[in-house]
Amino acid sequence: AQSVTQLDSQVPVFEEAPVELRCNYSSSVSVYLFWYVQYPNQGLQLLLKYLSGSTLVESINGFEAEFNKSQTSFHLRKPSVHISDTAEYFCAVSKTGSSYKLIFGSGTRLLVRP
Amino acid sequence: DTEVTQTPKHLVMGMTNKKSLKCEQHMGHRAMYWYKQKAKKPPELMFVYSYEKLSINESVPSRFSPECPNSSLLNLHLHALQPEDSALYLCASSQEGTGVNTEAFFGQGTRLTVV
Numbered sequence: 001a002q003s004v005t006q007l008d009s010q011v012p013v014f015e016e017a018p019v020e021l022r023c024n025y026s027s028s029v030s031v032y033l034f035w036y037v038q039y040p041n042q043g044l045q046l047l048l049k050y051l052s053g054s055t056l057v058e059s060i061n062g063f064e065a066e067f068n069k070s071q072t073s074f075h076l077r078k079p080s081v082h083i084s085d086t087a088e089y090f091c092a093v094s095k096t097g098s099s100y101k102l103i104f105g106s107g108t109r110l111l112v113r114p
Numbered sequence: 115d116t117e118v119t120q121t122p123k124h125l126v127m128g129m130t131n132k133k134s135l136k137c138e139q140h141m142g143h144r145a146m147y148w149y150k151q152k153a154k155k156p157p158e159l160m161f162v163y164s165y166e167k168l169s170i171n172e173s174v175p176s177r178f179s180p181e182c183p184n185s186s187l188l189n190l191h192l193h194a195l196q197p198e199d200s201a202l203y204l205c206a207s208s209q210e211g212t213g214v215n216t217e218a219f220f221g222q223g224t225r226l227t228v229v
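First to last, the protein sequences are chains P and L. For the first sequence, the numbering used here begins at 1 and goes up steadily by one. For the second sequence, the numbering used here begins at 115 and goes up steadily by one.
Isolated chain L (complex conformation) (with noise of 0.2 Å):
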C-alpha cells in the first residue's frame, strides 16, 4: 500500500464554521506533512510532524491547526476561515531519518471552498 488517502475530495464552508480535514497513511511514514497549493501556484509547505511531534509550522495563522492522534494519521482542524483560504489542500508522508528513500508521497488532497 503506497497511497496517502485524504478526506473529503471536496469542501465548502462558511467563515464561521468548523471543520477538519483528515489523512491517513499505512506505509509506516513518520513524518507527516501538509501543504497548501492555490491555482497555478506550487505547494507551500504548512506543517511537518515527526514522531507525531509537530517540528515545522512555517508561521501558519492560528485559524489552521494541525493534530496527528497516532502514527497514520494527521488531521487539520479548520476554524475562521477566510476566502483567501481557498485552495488545494495536501497531506503527504514519508520515511523519518537521513536515508536515500525519504521521498515525499503525496494524497490526492481536499479542494477546500470558504465562503
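So here's chain P without its partners, still in its complex pose (with noise of 0.2 Å):
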C-alpha cells in the first residue's frame, strides 16, 4: 500500500521569498507522484507531476519538484512566491501504470502574505 505525509499544514511566506512544501511517500512498488493545487471553493489543479526520466520537474507557473528515490520524497519549491499563490496544496501518489488510486496526503495551505 501507499501513503503520503505532508508534514507542514500550513506554510506562511512573504510575498517574493521563497518557499519549500515537504512531501514524503511510502510504497512497496514504482510509484507515479503529483503534485496538485486547490484555490478556495474550487476543485483540483494538477500543478506537477513525475511519471518517469527527469528527477526534476517544472510547472508553468514557476514551480518545481525533485523525485529523490532515496530519501522517498517530491518536495515542491518555488524561488518567489506571489499573493495568488495562496491555495492549499495536495501531494498524491499512485501506483505506476495507474491512476485508479490516488492517494493524497493531508495537504498543506501556502499562506503568502504582503
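Please note that a few of the clues may not be correct.
Cβ-to-Cβ under 7 Å is the rule here; a few derived chain L residues that face chain P [what the hints assert, rightly or not]: (1) 157; (2) 160; (3) 201; (4) 217; (5) 222.
So the derived list for chain P, only partly shown, Cβ under 7 Å to chain L, looks like this [what the hints assert, rightly or not]: (6) 43; (7) 44; (8) 49; (9) 86; (10) 90; (11) 106; (12) 107.
Think of the hints as simulated: they come from the structure by calculation, not from any bench. Glycine residues also receive a C-beta, built at the ideal position from the N, C-alpha and C atoms.
Could you use the hints to bring the two separately framed chains together as a complex?
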C-alpha cells in the first residue's frame, strides 16, 4: 500500500520569498507522484507530475519538484511566491501505470502575505 | 477541451430528498471517478468506473448510487443522506490503461449541504 505524508499543515511566507512544501511517500512498488493545487471553493488542478525520466519537473507558473528515490521525497519549491499562490497544495501518489487510486497527503496550506 | 464539468455547483437537500450530481468530460477518457472531500481534508476516493463499468467501490454507503450511462457522463444519485454527508463532491477522469498519461483531471466540484 502507498501513503503520503505532508509534514506541514500550513506554511506562511512573505511575498517574493522562496518556499518549500514537503512531501514524503511510502510504497513497496514503483509510483507516480503528483502535486495538485486547490484554490478556495474550487476543484483540484494538476500542478506537476513525475512519471519517469528526469527527476526534476517544472510547472508553467514557476513551481518545481524533485523526485528523490533514496529519501522517498517529492518536495515542491518556488523561488519567489506571489499573493495569488495562496492555496491548498496536495501531494499524491499512485502505482505506476494506474491512476485509479490516487492517495493524497493531508495537504499544506500556503499562505502568502504581502 | 481538457475540462471536467460538474453540475450543479451548489446543492442543498433535505434528508428525505433524492437528488443527482452530474459530471461530463469530452477528453475521451475511459476512467471516471467520484471523490468526497470534507473541509480541510484531502479528497477520498468513493467510486471508479472503467469503460462504463464499476470497478472500485470504496465501501460507500448505499445511499450513494453511482451511474455511468456512457463514456462521457458520470452521475451520483443521492437518497436519504445525513448531515455528515455534507462535503465537496469531486468528479475526475483519466485515460485508461498502463500508459504514462494517466493523470486525473478534476472538475470544480459540487458543494453539497444536507439539512
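Each hint tested on the structure:
Of the supplied interface hints, the one on residue 157 of chain L holds, with its beta-carbon coming within about 6 Å of a beta-carbon of chain P, less than 7 Å. A least Cβ separation of about 12 Å between residue 160 of chain L and chain P goes past the 7 Å threshold, and the interface hint is therefore violated. Taking 7 Å as the C-beta cut-off, the interface hint given for residue 201 of chain L is violated, the closest approach to chain P being about 13 Å. Taken as an interface hint, residue 217 of chain L checks out: its beta carbon lies about 6 Å from the nearest beta carbon of chain P, inside 7 Å.
This hint holds: residue 222 of chain L has a C-beta 4 Å from the nearest C-beta of chain P, less than the 7 Å allowed. Interface restraint check: residue 43 of chain P against chain L, minimum CB-CB distance 4 Å, threshold 7 Å, status holds. Because the beta carbon of residue 44 of chain P sits about 4 Å from the nearest beta carbon in chain L, less than 7 Å, this interface hint is met. For residue 49 of chain P, the suggested interface contact is upheld, since its CB lies about 6 Å from the closest CB of chain L, less than 7 Å.
Nearest Cβ of chain L to the Cβ of residue 86 of chain P: about 15 Å, over the 7 Å cut. The hint is violated. The closest approach between the C-beta of residue 90 of chain P and any C-beta of chain L is roughly 6 Å, which is under the 7 Å cut-off, so the hint is satisfied. For residue 106 of chain P, the interface hint holds, since its Cβ comes within 7 Å of a Cβ in chain L; the closest pair sits about 6 Å apart. The beta carbon of residue 107 of chain P comes within 5 Å of a beta carbon in chain L, closer than 7 Å, and the hint placing it at the interface holds.
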